[in-house]
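From first to last, the protein sequence lines are chains A and B. Take the first sequence: its letter number 67 is residue 350 in this note's numbering, and every next letter is one higher. Take the second sequence: its letter number 79 is residue 155 in this note's numbering, and every next letter is one higher.
These aren't lab readings, by the way, just hints derived from the structure by calculation. Hints may contain errors.
[As the list claims (entries may be wrong)] Think about it this way: if two alpha-carbon atoms lie no more than 20 angstroms apart in a straight line, the pair counts; the simulated DMTMM-like pairs of lysine to aspartate or glutamate are:
1) B:183 to B:159
2) B:183 to A:329
3) B:131 to B:160
4) A:359 to A:329
5) A:359 to A:284
6) A:326 to A:340
7) A:326 to B:107
8) B:123 to A:345
9) B:123 to A:329
10) B:120 to A:345
11) B:123 to A:284
The residues making up each chain are set out below.
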Amino acid sequence: EVQLLESGGGLVQPGGSLTLSCAASGFTFSSYAMNWVRQAPGKGLEWVSGISSSGGDTYYADSVKGRLTVSRDNSKNTLFLQMNSLRADDAAVYYCARPSLTLIRVIITWGQGTLVTVSS
Amino acid sequence: QSALTQPASVSGSPGQSITISCTGTSSDFGDYHLVSWFQQHPGKAPKLMIYEVYKRPSGVSNRFSGSKFGNTASLTISGLQAEDEGDYYCCSYVGRGTYVVFGGGTKLTVV
Numbered sequence: 284e285v286q287l288l289e290s291g292g293g294l295v296q297p298g299g300s301l302t303l304s305c306a307a308s309g310f311t312f313s314s315y316a317m318n319w320v321r322q323a324p325g326k327g328l329e330w331v332s333g334i335s336s337s338g339g340d341t342y343y344a345d346s347v348k349g350r351l352t353v354s355r356d357n358s359k360n361t362l363f364l365q366m367n368s369l370r371a372d373d374a375a376v377y378y379c380a381r382p383s384l385t386l387i388r389v390i391i392t393w394g395q396g397t398l399v400t401v402s403s
Numbered sequence: 077q078s079a080l081t082q083p084a085s086v087s088g089s090p091g092q093s094i095t096i097s098c099t100g101t102s103s104d105f106g107d108y109h110l111v112s113w114f115q116q117h118p119g120k121a122p123k124l125m126i127y128e129v130y131k132r133p134s135g136v137s138n139r140f141s142g143s144k145f146g147n148t149a150s151l152t153i154s155g156l157q158a159e160d161e162g163d164y165y166c167c168s169y170v171g172r173g174t175y176v177v178f179g180g181g182t183k184l185t186v187v
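Could you put the whole structure together from the sequences, leaning on the hints where they help?
Next up, the structure:
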């Protein structure tokens with residue numbers, strides 16, 4: 284069974300940093316591109332970042348470019364999101380999401396999410 | 077302003093059919109067949125209901141169907157049931173310079 288388990292969320296002050304992790308199991312992690320998608324309280328879904336299967340290519344939404352960094356450790360089946368210079372509008376549930384093997388822009392599977400709160 | 081526009085809300089009675097539209101503002105949207113639809117219940121992660129415009133994942137009821145004509149994709153739910161109530165999001169690649177875009181979401185109420 285495919286499982287994605289996010290962790291690392293919590294309360295952080297504006298301007299602070301946080302690193303999210305997503306532990307993957309039940310599939311060959313190193314074969315799949317991966318994504319982060321977020322949802323602010325009471326709002327819709329927003330794609331945040333994507334990374335190729337090897338980690339060599341990364342993609343970001345304009346709203347997070349330069350502040351968030353996606354990476355992966357294929358030896359540990361883990362996806363990361365390093366979040367710096369956090370702002371109030373970064374507060375959201377962050378989901379790890381796996382796409383189709385062949386169509387990397389077709390998201391198939393979601394984790395349960397981890398909540399990031401940005402407040403002083 | 078999302079590149080994919082959905083109605084904020086739709087409603088229907090049990091047993092009826094409803095359709096949720098998803099209109100792309102980019103002319104490139106009409107060239108791609110990568111539209112997905114997700115259902116989300118309060119406090120839960122999104123669930124894939126339709127992918128590549130009309131394909132249904134294993135385990136999803138055949139009451140859910142998808143289509144696309146030009147720049148508008150649609151999700152139709154037939155034989156509405158109370159458990160269908162929730163938020164629905166379309167998602168797609170919409171052309172060069174984008175990666176993945178979500179629609180603003182549609183709240184479905186079964187009255």
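Consistency of the hints with the structure:
1. With a C-alpha separation of about 13 angstroms, the suggested pair residue 183 of chain B and residue 159 of chain B falls inside the 20 angstroms cut-off, and the hint holds.
2. With a C-alpha separation of about 17 angstroms, the suggested pairing of residue 183 of chain B with residue 329 of chain A holds against the 20 angstroms cut-off.
3. The straight-line distance between the Cα atoms of residue 131 of chain B and residue 160 of chain B is roughly 18 angstroms, inside the 20 angstroms bound, and the hint therefore holds.
4. Taking the CA atoms of residue 359 of chain A and residue 329 of chain A, the gap is about 27 angstroms. The hint is violated against a cut of 20 angstroms.
5. For the proposed pair residue 359 of chain A and residue 284 of chain A, the alpha carbon gap of about 18 angstroms is at most 20 angstroms, so the pair holds.
6. Taking the CA atoms of residue 326 of chain A and residue 340 of chain A, the gap is near 29 angstroms; set against the 20 angstroms cutoff, the hint is violated.
7. Taking the CA atoms of residue 326 of chain A and residue 107 of chain B, the gap is near 28 angstroms; set against the 20 angstroms cutoff, the hint is violated.
8. Among the hinted pairs, residue 123 of chain B with residue 345 of chain A is inconsistent with the structure: their alpha-carbon atoms are about 26 angstroms apart, more than 20 angstroms.
9. Of the pairs offered as hints, the one joining residue 123 of chain B and residue 329 of chain A holds, with about 15 angstroms between alpha carbons and a cut-off of 20 angstroms not exceeded.
10. Distance hint between residue 120 of chain B and residue 345 of chain A is unfulfilled; the C-alpha atoms sit about 26 angstroms from each other, more than 20 angstroms.
11. Using a Cα cut-off of 20 angstroms, the hinted pair residue 123 of chain B and residue 284 of chain A holds, with the two alpha carbons roughly 15 angstroms apart.
Hint compliance for this structure: hints 4, 6, 7, 8 and 10 are not met, and every other hint is.
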